[in-house]
Amino acid sequence: MSAETSETTAPAPPAGRPPTRSAIRRRGLPPVLRHLGWALVAFLAVVGLTLLTDPFTNLRIATIGYYLIAIAGLALLTGFNGQVSLGHGAFMFIGAYTVALLVLHVPGLPFWVDLLLATVAGAVAGLLAGAAAARLHGPYLAGATLALAVGLPAVTQRFPDLLGGSNGLSFTVHSEPAALIGVVPTTRWQAWVIWATVLLAMVILVNLSRGRLGRSLRAVRDDEVAASLAGIHVGRTKILAFIVSSACAGLAGGLQAFLLGTAAPGSFTVALSLSLLAALVLGGLGSLWGAFWAAIAFVYFQAWAEDAADAVNLPVNVANNLPLALYGTVLIVVILVFPGGIHGVFSRLRAAVRSSRSSSSDRSEGVS
Amino acid sequence: MDQFLNLTLNGVASGAVYSALGLSLVIIYRATRVVNFAQPAFALISAYLAYSINQATGGYWLGFAAALVAGAVLGMLTERLLVRPVRHNELGAIIVTLGLLIVLQAVAGMVWSNEPHSFPYAFDFRGDFSPNSVFVVAAVAVTAIGVLVLFKATPLGLRMRAAAFNADSARMSGVRVGLMLTVGWGLASAVGSLAGMLAVPPFIFPNVLDGVFVYALTAAVIGGLDNPLGTIIGGFLLGVGLSYVSGYLGPELVTLASLAILVIVLAVRPNGLFGRGLARSV
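Chains as they are written, first to last, in this note's numbering: chain A, 180 to 547; chain B, 14 to 295.
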């Protein structure tokens with residue numbers, strides 16, 4: 180949770196190996212280009228991975244993609260800015276329904292416009308939530324966002340004709356260019372679209388978090404009074420954090436709708452919001468790398484827990500609840516024992532390796 | 014007019030439950046500056062225990078008593094084992110209690126299954142303002158008065174307030190601060206379990222208290238998280254208000270209405286309707 184963890188991390192494209200710490204290369208390119216370069220490498224890696232794996236795994240890779248951006252947004256809000264949101268599932272809900280309604284009622288729009296508008300819808304919702312949040316802190320904010328997560332999906336029952344009631348909306352997104360139909364399987368194409376979008380969003384997020392906004396976010400988290408004495412507008416910074424974060428969640432929801440072709444209230448329960456936070460804590464709060472581990476954990480944790488329950492033939496009641504029980508346990512254990520999460524463990528390992536390899540002067544240069 | 018009266022009476026009965034669960038949150042918040050997100054899970058486990066005892070013995074009150082004791086024990090254990098290490102880390106405390114909420118709900122599902130079981134009312138629940146509603150309101154009123162008197166007028170209450178207000182000075186005056194915090198968690202969780210026993214019927218399932226918890230938290234926040242009396246009043250006001258929303262606008266809007274009330278109240282009075290301004294250290 181310390182500010183240093185994220186500062187010492189190498190520039191963070193969300194996939195692939197962390198770059199070697201070469202000071203010359205770091206100074207060579209402006210950060211945006213460097214991050215775009217890494218995003219391209221990561222995208223090629225994902226494309227390679229989807230070509231090697233079966234459609235089912237492709238679907239999982241795509242799923243990891245949209246959870247990555249949702250959790251990265253939450254990392255910006257909770258990890259960097261210290262605001263707890265128990266309602267990010269509600270922002271995903273808004274993004275998913277935006278895409279669903281646009282596909283059904285404005286079928287002429289290209290899919291990327293739908294996704295853009297889902298992001299905008301998430302941002303607008305974030306502006307509203309953030310305006311309230313700027314006055315709330317800690318437990319108050321957690322309570323308010325929890326109410327949002329519990330209350331919003333019920334809106335579908337209020338407007339069953341428009342929003343499809345508890346069954347939600349189903350639709351088909353025609354995104355694949357005609358030239359590729361039959362050549363590239365749909366799921367694979369969707370995984371590419373999702374990862375391209377997510378990586379682009381991650382580049383923006385990484386640049387934001389390393390620039391002026393990122394420093395303001397951390398300053399406000401660490402000490403509001405000191406931050407405002409230093410000329411940072413505390414309320415505006417908190418609202419901005421909410422906007423960026425919920426725009427990410429809106430995009431994630433939109434991508435989920437794009438992938439699954441449905442938007443239903445049952446996918447956006449309180450459990451989703453809590454699980455996103457759980458995954459983020461497990462991955463590591465202080466860094467966007469944490470969000471990457473978190474997204475993988477989010478998707479595979481559930482799968483492994485189900486497989487494990489099947490393998491040892493647990494009773495149905497136990498098996499059904501095993502993933503949740505593990506989630507909760509992980510939350511508690513991580514906070515009590517490994518506050519840095521997976522990323523914290525990795526960066527400690529890396530620091531240990533580095534200090535045994537290089538001179539002490541090199542080490543002190545990396546720590547800000 | 015008849016509908017208005019009915020909605021008001023129903024609102025008072027459900028408001029009593031929000032008050033009680035809200036009160037349990039406030040006692041803990043006052044003692045340790047932690048909002049206990051696991052509170053509904055303590056109440057849930059207690060109610061399930063009562064359910065099992067009811068099934069075994071056929072009576073109601075033995076299970077009722079067991080639920081209160083179980084709640085107190087869960088609260089005390091949690092304070093000692095899980096919350097004490099993260100007390101001064103606001104985010105850490107929120108996440109640990111949330112984790113406990115998830116674990117305990119999952120455990121309840123493992124032991125008693127996710128399917129709803131029918132859960133008895135204490136008294137006859139039929140009719141407008143039934144005997145059971147009277148019991149709910151009376152039980153909460155007695156508990157609330159008891160808690161207020163305990164805090165204001167007994168040596169134990171004074172010690173608990175001292176430990177919460179300034180742990181170092183309290184310790185120097187001979188108050189066993191750690192013990193007081195544990196007792197506070199136990200007391201609060203017993204009150205929470207009472208709220209659970211009143212809120213659960215007619216059916217019990219692992220997520221049964223989620224909604225009630227959101228309303229209780231809203232009640233506690235609009236009453237001022239620091240203020241037991243404010244929370245009790247806030248709970249009743251919220252219960253009546255949400256009952257009108259449910260009756261006149263539609264039950265699916267109740268949660269969003271409670272969010273709207275929360276936001277509006279905090280926009281006007283950031284420390285709640287009855288909260289005292291809290292000087293933040295600089």
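These aren't lab readings, by the way, just hints derived from the structure by calculation.
None of these values were measured; they are calculated from a predicted model.
Cβ coordinates follow ideal geometry from the N, Cα and C atoms, glycine included.
You may find that some hints are simply not true.
Each pair of labels, with its calculated beta carbon distance range [unchecked claim]: (1) B:Gly254 <-> A:Gly445: 39 to 45 angstroms; (2) A:Gly445 <-> B:Leu161: 41 to 47 angstroms; (3) A:Leu306 <-> B:Tyr261: 25 to 31 angstroms; (4) B:Met185 <-> A:Leu306: 45 to 51 angstroms; (5) A:Leu223 <-> B:Asn102: 53 to 59 angstroms.
Would you list, in rising numerical order, the hints stated earlier that this structure does not obey?
-> The structure breaks hints 1, 5; every other hint is satisfied.
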